[in-house]
Amino acid sequence: MANIAMIVSNRYDPDPRVQKEAEALVLAGYDVQVYAYDRGHEIKEQKEVLNGVKIERIRTKIVPYGKIFKTGIGLRKFRSIVKERLIEKPVDIIHCHDQDTCSVGLWWKKNKKGKFIFDAHDLYWTWIMLPNPNSIIRKIGSQILKIRDKKYAQKADLLIVATEGIGNKRGFKEIYKSWRNDIVVIMNAENNYPNSWKYPEEFTLGYFGNLRDINMFKSLIMALKRINKSVRPKLRIAGGGAEAKNIEKLFKKNPEIDVTITGRYSHTELKGLMDECSIQFCVYSSKRGNIEHTIPAKLFSSVACGKKAIVNSNSLASKVCEKYDWGWDVSDNDTDAISKIILELSDSWTNYSEKDQKNKFPYGKFENILDWDSQSKKLIEAYQQFKSP
Numbered sequence: 017m018a019n020i021a022m023i024v025s026n027r028y029d030p031d032p033r034v035q036k037e038a039e040a041l042v043l044a045g046y047d048v049q050v051y052a053y054d055r056g057h058e059i060k061e062q063k064e065v066l067n068g069v070k071i072e073r074i075r076t077k078i079v080p081y082g083k084i085f086k087t088g089i090g091l092r093k094f095r096s097i098v099k100e101r102l103i104e105k106p107v108d109i110i111h112c113h114d115q116d117t118c119s120v121g122l123w124w125k126k127n128k129k130g131k132f133i134f135d136a137h138d139l140y141w142t143w144i145m146l147p148n149p150n151s152i153i154r155k156i157g158s159q160i161l162k163i164r165d166k167k168y169a170q171k172a173d174l175l176i177v178a179t180e181g182i183g184n185k186r187g188f189k190e191i192y193k194s195w196r197n198d199i200v201v202i203m204n205a206e207n208n209y210p211n212s213w214k215y216p217e218e219f220t221l222g223y224f225g226n227l228r229d230i231n232m233f234k235s236l237i238m239a240l241k242r243i244n245k246s247v248r249p250k251l252r253i254a255g256g257g258a259e260a261k262n263i264e265k266l267f268k269k270n271p272e273i274d275v276t277i278t279g280r281y282s283h284t285e286l287k288g289l290m291d292e293c294s295i296q297f298c299v300y301s302s303k304r305g306n307i308e309h310t311i312p313a314k315l316f317s318s319v320a321c322g323k324k325a326i327v328n329s330n331s332l333a334s335k336v337c338e339k340y341d342w343g344w345d346v347s348d349n350d351t352d353a354i355s356k357i358i359l360e361l362s363d364s365w366t367n368y369s370e371k372d373q374k375n376k377f378p379y380g381k382f383e384n385i386l387d388w389d390s391q392s393k394k395l396i397e398a399y400q401q402f403k404s405p
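Start counting at 1 in the sequence shown, then tack on 16, and there's your number in our numbering.
These aren't lab readings, by the way, just hints derived from the structure by calculation.
Check the hints yourself; a few may be wrong.
List time: in silico BS3-like cross-link candidates among lysine-lysine, alpha-carbon distance up to 25 Å [claimed, not checked]:
| id | residue 1 | residue 2 |
| --- | --- | --- |
| 1 | Lys303 | Lys166 |
| 2 | Lys99 | Lys155 |
| 3 | Lys193 | Lys214 |
| 4 | Lys83 | Lys70 |
| 5 | Lys60 | Lys125 |
| 6 | Lys241 | Lys356 |
| 7 | Lys60 | Lys99 |
| 8 | Lys241 | Lys261 |
| 9 | Lys86 | Lys356 |
| 10 | Lys356 | Lys245 |
| 11 | Lys268 | Lys339 |
| 12 | Lys393 | Lys70 |
| 13 | Lys126 | Lys171 |
| 14 | Lys60 | Lys93 |
| 15 | Lys167 | Lys189 |
| 16 | Lys86 | Lys60 |
| 17 | Lys189 | Lys234 |
| 18 | Lys70 | Lys394 |
| 19 | Lys70 | Lys129 |
| 20 | Lys105 | Lys70 |
| 21 | Lys155 | Lys126 |
| 22 | Lys261 | Lys77 |
| 23 | Lys393 | Lys189 |
| 24 | Lys403 | Lys393 |
| 25 | Lys193 | Lys86 |
| 26 | Lys339 | Lys189 |
| 27 | Lys394 | Lys335 |
| 28 | Lys125 | Lys356 |
| 29 | Lys193 | Lys393 |
| 30 | Lys339 | Lys356 |
| 31 | Lys394 | Lys171 |
| 32 | Lys93 | Lys83 |
| 33 | Lys93 | Lys171 |
| 34 | Lys268 | Lys83 |
| 35 | Lys303 | Lys287 |
| 36 | Lys99 | Lys70 |
Full structure from sequences and hints, please.
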């Protein structure tokens with residue numbers, strides 16, 4: 017079978033989607049090496065093997081999260097080191113996760129005649145807009161990134177995207193289809209966890225994931241403040257990211273919110289964290305334009321752990337929730353509506369018996385078309401077009 021190098025620009029502790037894909041390929045007989053970027057020198061093990069997946073974390077000078085210029089320099093050095101590794105240990109296929117690793121895949125295709133796969137987890141060009149969607153400079157930068165994205169999408173031997181449309185709401189597939197037609201959709205699904213779901217005694221909102229969108233927490237705080245303290249729900253947050261410290265400071269300035277915040281966690285800790293919440297809060301700032309067409313990974317994680325979620329209205333996630341009864345939607349710009357839905361759910365939770373909490377809040381039947389087993393089969397089928405050397 018072919019040798020694969022996967023490239024990812026995070027520290028890989030591990031990246032759940034990338035690890036799931038890598039493990040599926042290993043089980044299918046492929047040899048998989050992951051090259052990851054430990055920009056903060058945070059992981060002790062620079063080399064390890066996880067369920068058959070070989071991992072090497074590459075370091076440059078420490079690069080703080082959120083620093084665009086320093087991040088660009090660091091990524092350039094990371095990609096250069098990866099190229100050196102590939103020359104030392106050639107592979108048949110380069111599987112690039114997100115746009116910031118694709119230059120390596122295209123270089124390998126042009127110079128070494130290997131295959132180049134572009135796995136678009138997100139609309140990469142929208143991330144630069146997150147800190148300030150009205151910035152002219154950021155808008156220009158976003159357009160430059162979009163042009164690059166188009167080039168990589170068209171040059172790749174295989175294009176994988178994370179979502180497709182439901183009804184009249186477009187997913188990534190429909191957006192990328194203007195650039196090429198042969199697209200494989202691999203949703204970031206989870207297999208159902210054992211039916212041993214747990215729930216806290218008090219109604220608790222959870223947020224477990226990357227802390228990059230401070231505006232969503234500003235809106236959440238405003239909404240929670242509108243709820244009487246005697247019935248105000250608790251909040252449980254876990255994760256790291258560019259805005260992690262600022263978000264923690266934000267809550268310290270609002271001590272009336274009962275919140276517990278912890279840092280980064282591994283995928284194996286996810287189920288335990290989910291047991292600490294009643295539902296997940298997945299209402300992001302919609303100004304950068306990406307949220308409308310995506311399904312947050314934490315929504316799949318939530319339903320796999322027996323928890324519904326509050327998501328953005330007028331989004332692909334809201335369509336999924338409507339179709340499968342996975343949760344509720346609300347506008348991120350309407351703090352009154354956010355407050356109202358949280359209070360309604362809190363009241364319902366308080367009035368439910370323990371049995372009812374388990375029977376009425378979980379999503380019910382886990383639709384097989386959206387579990388990871390079905391998605392991994394699609395990945396292996398897509399890979400079968402590349403004949404072994």
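Hint-by-hint comparison with the structure:
no.: 1; hint: Lys303 / Lys166; verdict: holds, 22 Å
no.: 2; hint: Lys99 / Lys155; verdict: violated, 31 Å
no.: 3; hint: Lys193 / Lys214; verdict: violated, 41 Å
no.: 4; hint: Lys83 / Lys70; verdict: violated, 29 Å
no.: 5; hint: Lys60 / Lys125; verdict: violated, 32 Å
no.: 6; hint: Lys241 / Lys356; verdict: holds, 11 Å
no.: 7; hint: Lys60 / Lys99; verdict: holds, 23 Å
no.: 8; hint: Lys241 / Lys261; verdict: holds, 22 Å
no.: 9; hint: Lys86 / Lys356; verdict: violated, 42 Å
no.: 10; hint: Lys356 / Lys245; verdict: holds, 14 Å
no.: 11; hint: Lys268 / Lys339; verdict: violated, 38 Å
no.: 12; hint: Lys393 / Lys70; verdict: holds, 21 Å
no.: 13; hint: Lys126 / Lys171; verdict: holds, 10 Å
no.: 14; hint: Lys60 / Lys93; verdict: holds, 20 Å
no.: 15; hint: Lys167 / Lys189; verdict: holds, 16 Å
no.: 16; hint: Lys86 / Lys60; verdict: holds, 23 Å
no.: 17; hint: Lys189 / Lys234; verdict: violated, 32 Å
no.: 18; hint: Lys70 / Lys394; verdict: holds, 22 Å
no.: 19; hint: Lys70 / Lys129; verdict: holds, 23 Å
no.: 20; hint: Lys105 / Lys70; verdict: holds, 13 Å
no.: 21; hint: Lys155 / Lys126; verdict: violated, 31 Å
no.: 22; hint: Lys261 / Lys77; verdict: holds, 21 Å
no.: 23; hint: Lys393 / Lys189; verdict: holds, 18 Å
no.: 24; hint: Lys403 / Lys393; verdict: holds, 17 Å
no.: 25; hint: Lys193 / Lys86; verdict: violated, 33 Å
no.: 26; hint: Lys339 / Lys189; verdict: holds, 19 Å
no.: 27; hint: Lys394 / Lys335; verdict: holds, 23 Å
no.: 28; hint: Lys125 / Lys356; verdict: violated, 53 Å
no.: 29; hint: Lys193 / Lys393; verdict: holds, 22 Å
no.: 30; hint: Lys339 / Lys356; verdict: holds, 23 Å
no.: 31; hint: Lys394 / Lys171; verdict: holds, 21 Å
no.: 32; hint: Lys93 / Lys83; verdict: holds, 15 Å
no.: 33; hint: Lys93 / Lys171; verdict: holds, 23 Å
no.: 34; hint: Lys268 / Lys83; verdict: holds, 24 Å
no.: 35; hint: Lys303 / Lys287; verdict: violated, 31 Å
no.: 36; hint: Lys99 / Lys70; verdict: holds, 17 Å
Taken one by one, the earlier hints fail for this structure at numbers 2, 3, 4, 5, 9, 11, 17, 21, 25, 28 and 35, listed in ascending order.
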